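Top to bottom, those sequences are chains A and B.
Take our numbering: the last position of the first sequence gets the number 319, and nothing is skipped along the way.
Take our numbering: the last position of the second sequence gets the number 259, and nothing is skipped along the way.
Zero decoy hints are in this set.
Restricting the straight-line Cα-Cα distance to at most 27 Å, the calculated cross-link-like pairs of lysine-lysine (DSSO-like) are:
#1 B/Lys-50 / B/Lys-196
#2 A/Lys-179 / B/Lys-146
#3 A/Lys-279 / B/Lys-257
#4 A/Lys-182 / B/Lys-146
#5 B/Lys-229 / A/Lys-139
#6 B/Lys-257 / B/Lys-238
#7 A/Lys-317 / B/Lys-257
#8 B/Lys-257 / A/Lys-319
#9 A/Lys-18 / A/Lys-50
#10 B/Lys-238 / A/Lys-279
#11 B/Lys-238 / A/Lys-317
#12 A/Lys-18 / B/Lys-257
#13 B/Lys-48 / A/Lys-182
#14 B/Lys-229 / A/Lys-279
#15 B/Lys-257 / A/Lys-217
#16 A/Lys-182 / B/Lys-50
#17 A/Lys-217 / B/Lys-238
#18 A/Lys-141 / A/Lys-18
#19 A/Lys-84 / A/Lys-58
#20 A/Lys-306 / B/Lys-238
#21 A/Lys-18 / A/Lys-139
#22 B/Lys-238 / A/Lys-286
#23 A/Lys-319 / B/Lys-238
#24 B/Lys-73 / B/Lys-190
#25 A/Lys-306 / B/Lys-257
#26 A/Lys-17 / B/Lys-257
#27 B/Lys-257 / A/Lys-286
#28 A/Lys-279 / A/Lys-18
#29 B/Lys-50 / B/Lys-198
#30 B/Lys-190 / B/Lys-50
#31 A/Lys-279 / A/Lys-317
#32 A/Lys-217 / A/Lys-306
#33 A/Lys-306 / A/Lys-317
#34 A/Lys-18 / A/Lys-58
#35 B/Lys-190 / B/Lys-48
#36 B/Lys-229 / A/Lys-141
Per label pair, the in silico range of CB-to-CB distance:
#37 B/Thr-153 / A/Val-159: 42 to 52 Å
#38 A/Thr-157 / B/Ala-223: 21 to 31 Å
#39 A/Lys-217 / B/Thr-153: 34 to 44 Å
#40 A/Asp-303 / B/Ser-234: 21 to 31 Å
Rather than coming from a laboratory, the hints here were simulated on the basis of the structure.
Note that this is a predicted model, so its numbers are computed, not measured.
Cβ coordinates follow ideal geometry from the N, Cα and C atoms, glycine included.
Residue-level listing of the chains:
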Amino acid sequence: MSEVLVVVEATREFGVKKVTLEMLTLARELGTPSAVVLGGPGAAEALSAKLGEYGAEKVYAAEGEEIDGYLVAPKATVLAELVKRVQPAAVLLASAQEGKEIAARLAVKLDNGILTDVVGLAADGTATQVAFAGSAIVKSKVTKGLPLVTVRPNSVTPVPAAATPTVEQLTVSVTDTDKLAKVVDRVAEQKGSRPELTEAGVVVSGGRGVGNADNFKLVEELADLLGGAVGASRAAVDSGFYPHQFQVGQTGKTVSPQLYVALGISGAIQHRAGMQTSKTIVAVNKDGEAPIFELADFGVVGDLFKVVPQAAEEIRKRK
Amino acid sequence: MNIVVLVKQVPDSGADRTLRPDDNTVDRGSANNVINEMDEYAIEEALKIKEAHGGEVTILTMGPDRATESIRKALSMGPDKAVHVVDDALHGSCAVATSKVLAAALGQLGADLVICGAESTDGRVQVLPHMIAERLGVAALTGARKLTVDGATLTVERQTEEGYEVVTASTPAVVSVWDTINEPRYPSFKGIMAAKKKPVQTLSLGDLGVAPAEVGFDGATSAVLEHTKRPPRSGGAKVTDEGSGGVQLVEFLATEKFV
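Chain A extracted, bound-state conformation (with noise of 0.2 Å):
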């Protein structure tokens, strides 16, 4: 069978990220998965054990300042050579900023087709998408070159299958021109221990109707109860209440977790357009004719600052 490249989605912090053990999983419908580890000095090594867990018969890497001190013009160069010379079934990267913006330039290199936000994966290379923030599902097929897919987080539940990856380091050879945009700091600000937004299975979100910055201890704390990330709606960032990298919604971060709660958020269509493929959503709100009512499976119409706190010991008492 040939190589399906896999090309790994990490973090410094929490190693391979969700995302990469699912496309592992899509990979194995399609053939033999091979991760792709691009990053910094020693990544690979740290990285291989858990690709191995799911699947990864070898995991290619190229390391080092080259590649890791740029903005991703190294990587797709590195990966083109690579997909030039194995000549895979098809090349997956997750549909996050950095994986779509390598695919991008990996289909202008290679002159090949590129379909973004895949949340399926037939083995003919049959693609189903979700269009319009969730209102259409499309199918659609790369027609020229091979099948070259960024995978949305949440799209399957990832199936380890233990494979014994060996590890081969490739050579770095990067232009000029993939130097032209120079790293000079990475910043790491507040998220806590919590997962990470578009990959979190609950997603806990609040909105206007929180009223002020303060009051979203009251969001964190029942995400904490619930083990789930914490995100806002467009009004409560723009309002200041909560920081931009959490918004959800048309501007902000699609998420499509196993439980959405949205608490003092109306629904806008701006909003749904973010959330509304999650698969159990409830909602809190004083306005029982928000919108927000029309998409939940459970809704509570009451002020969330009684609601809440309560629901949050009820949790603390039955665990």
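Got chain A; can you put chain B on it based on the hints?
Chain B alone, transformed into the frame defined by chain A:
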């Protein structure tokens, strides 16, 4: 500094949007078409740079005839002129082909700085800035929440999942911006009147030296096979809090095995 801002006309994301039943492309005919929201932030950023450092701001749009409305709207914010790439053969173009056309137009315009929105609200594909930069062989500074211009040196704060990265490059470059970067101005009455007289140049594929077979459905590198409307969600149980709303909520979560 010669700045070009990429502007796309999209169906209003505040209304229902559909794909055409005949060819699976975005239904623009029946939609209320507006400037892609993120592009207004790109225009604002370009105007601020011009105000601080001098130069010229040009709007570049690829789209059908009706995109003229969005071009005039963009010009009413203050840019100097616009270029509209319009050609019937472009209908059905994929992202790869679109980047080829825009790169060809940018090559003719000789921009020092190309600014665009980080994504469009219709496709949300996010690939064009890097595709264009790859074709032009220039730097791409994408996902900016802050942009600083110092002579020919550009520095951006790039929003990431963990925080942000500080990335620098020299012009010429492509910069894409998020809506956290600024607060776009509203067009003034004077601006709206002035926009009507600003030059809008139209370019065809022939003008750009791109063959019709390289774009549209013929030149597409991917195809939509079919589309279906996702069944709308239906609301479930709704209770009014009469003192036990929180407990009822947790009971529901327990039935669904979340607690």
